[in-house]
Amino acid sequence: YLHVALLFWQQVILCHCTLDDLRVDGRSCEDYRYVEVETDVVSNTSGSARVKLGHTDILVGIKAEIGRPKLDRPNKGCLEFFVDCSANATPEFEGRGGEELGTEIANALYRVYDNERSVDLKSLCITPMEHCWILYTDVLLLQCDGNLFDAISLAIKAALLTPSKIPKVQMMEDEEGTTEIELSDDPFDCVRLNTENVPCIVTLCKIGQRHVVDATLQEKACSVASLLVSVTSKGTITCVRKIGGGSLDPESIYEMIETGKRVGKALHAPLQDILNKEESLGKSREKVGFIG
Amino acid sequence: MPVDTKRLRGPEESQSPWLFVEQEQQSPPDEREDGRRKGQVDVRPIFARCGLVSQAKGSAYIESGKTKVICSVYGPRETERKDETDMKFGRLVCTFRFAPFSCAKRCGWIQSTQEKDLSMALLGSLHPGLCLHRYPRSQIDVSVLVLENDGSALAHAVTCASLALADAGIEMYDLVLGCSLRQEGSDYLLDPTFAEETQEPATESTENRGGMMVALLPSLNQVSGLLCSGDLEQQPLVEAVAACIEGCQRIYSVAQRCLLTAVKKKNPPPDG
Amino acid sequence: MLRRPQRASKLHQRVMNTNSLTQAPWHQTTVEPLEYHRKFLKENCRPDGRELGEFRTTTLNIGSITTADGSALVKLGNTTIICGIKGELAAPPADAPDKGYIVPNVDLPPLCSSRFRPGPPGEQAQAASQFIADVIENSEMLQREDLCIEKGKLSWVLYCDIICLDYDGNILDACIIALLASMKNVQLPEVHVNEQTGLAEVNMKKKRHLNIVKHPVAASFAVFDNSILIVDPTSDEENLSTGFITVVIDEEEKLCTVHKPGGTPLSNEKLQDCINRAITRNKEVCKLLNKVMKSMKAK
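Residue numbers (my numbering), protein chains in the order written: chain A, 1 to 292; chain B, 1 to 272; chain C, 1 to 299.
Hints are computed from structural coordinates only; laboratory data are not their basis. Careful: at least some of the hints might be erroneous.
To be verified - Computed list of lysine to aspartate or glutamate pairs in EDC-like fashion (alpha-carbon distance at most 16 Å, straight line):
(1) A:Lys63 <-> A:Asp138
(2) B:Lys6 <-> C:Glu32
(3) C:Lys214 <-> C:Asp134
(4) B:Lys116 <-> A:Asp138
For clarity, every value in this text was computed on a predicted model and none was experimentally measured.
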């Protein structure tokens, strides 16, 4: 999808440098770029977050709505993902250009998040077989500079961790038999999702003999294939996926899984700290927002 | 659900009778139903045949246990879209579909997100095995249809598709073989059946549960596809990948024999 | 006059010899296909060795898909069709509370031929689906009342999904045979509606077959050069023909459907020829179906 053409000699230099654990921008193979996380940027959603990872800019908004549960999971809620590759990000996304990439990302997100182990779906159930909360998650790609999955996963986790405004409801049946929804009067009486197990995604790109975390577009152009590893805070791996059109030998895969697990596990604690700090600031924190 | 205006429609909503059957709570059996062993590299016997679709350039059919998969390959033909990469490399287009009657619960006709996801996984697995630089400005269409799904549908689809590509005479570096696995606690079940794939855990807190599919180029020992989801620790995950790789190596000889038969049939040796 | 087929190999051989053909040369079949076919038709036979009234070899395999309630695979020469029937439960239609639904759908995926593109069903698939629906209704092979479980509350929906795996002409005939065979193979479980809860209770251990009263069989013809009728056209012959007609007859020699989508007009005698040939075809197919079903029971 996103192609950056590098001259052959540029690719060779990049590969050689990675061997010495030194990348073009001075990072080591396991370093992330500078990350900025901001929550509650979109006011009429149940949870939102904006993540800037280097030049990659992602906005996630989660809206909770009442709907019917899926037939094969009658007592659980579900998540629905929509990924929009905005034409603002790169001219290649104009019209239907970004659709393929959007579908690929959405499919991967379903696999990673829409299951019982990652998100506590049982708590989203209101009445089994009849009503449940559906979390419509919209992901907007504002700017692409490689490593989309990691940024998106950080944004989703941040959006879910913030005090979500999912109110507590009760279904009442009146005399005519129609069900009515009763919301509690207290605006702070909401359902807080148990997000202990929500994983973070780490994408590892194989460049030459080694692999790197958080690849830029240039580094991606030199890589043969990438491995996407999704890790929870406990260190369990919830999803592994090979992306890209190349192949990997088994030894590399084992090494990449190990690095992915190590790096992924270490991501959760700092993210939680940042979000706790934001929450404690409450109303007094400055919103950076979009302009300024 | 988008309304399908081009097909004959029945009632607005219908439900499978399986939803109304009394579900007996069964704990997962100690032994596998078909007699294979847990924790051992035991794949189901495979029946494979090439060249059964007369209209296609290449085709293959695989039957493994009750899973039945058919694949046709058309191409190389002129590509519809042309961008920079197409000028140097061929384009591979994969479509993966379940027939509506292939699973216990009827699937609709419109391609679901799961089928799109599996199509992409199939594409990623086959891509490294083909010499696409030999077919610039061309497109190769691979269509896979699962006639009956009794587990490991994607893995068998990968094997079937690569046999069909070889039957079509597309240049390849190596066959691509697929194998899947289901991890339950400390045991793994190689080449799971549908019942084993969807088994509910014995207890809520069973650790290490997950399913995985690995696509391998056997003689080059390169993994071209890896798709895993579940809740696994690192060590069992690594062991599971190794078990899948061995499973792929086991079916290599069957695949080679099938291709040899197909080639001999197409080009019978001269008499005398 | 279309007769019951006799071995046409002698005629076929003569045509090949007269034209010094040992094998169909490429330029004949690709550059001048019409001329090539005409040479054979002059001698009352066809390029693949068949007579004008001869069907291709028909093979039938029933019940191979275990996830479907009934299934059948039909091969008519190279044309391969698979039909899978799944039964689901639904509320009966508002205008017919004592009837169930039968929903046929024909799919011509890009798998079966390079002429089909991925996406929603094209004209040919839609026309075939409608044709099958018409045959089911006109022939009354199955009473829709049989599918009702409880009047006004619950009935069966039979989704008949027909997929073409290899397209070499004459899919309509093959689809009808596949549908008929899989209908005979269908076994539906017993269902009661629990009066207290209003929910259905399904007993998978007790299953029974459908009550198929009529056995319609189709015979399709292509019109060549506005005059010659050939039965069971292959894909090449279909492309060169000027008209089509499909006649569906049941085992009591009653006419169920005549499907003639435009094309060359046919005289009464030609139509009567088609009907007669269809009657004999019905006997052939019913014999084959009974043979296959008997061999299945024997297993």
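Okay, the hints, checked on the actual structure:
no.	hint	result
1	A:Lys63 <-> A:Asp138	holds (8 Å)
2	B:Lys6 <-> C:Glu32	violated (37 Å)
3	C:Lys214 <-> C:Asp134	holds (14 Å)
4	B:Lys116 <-> A:Asp138	violated (19 Å)
Checked against the numbered hints above, the structure violates hints 2, 4; every other hint is satisfied.
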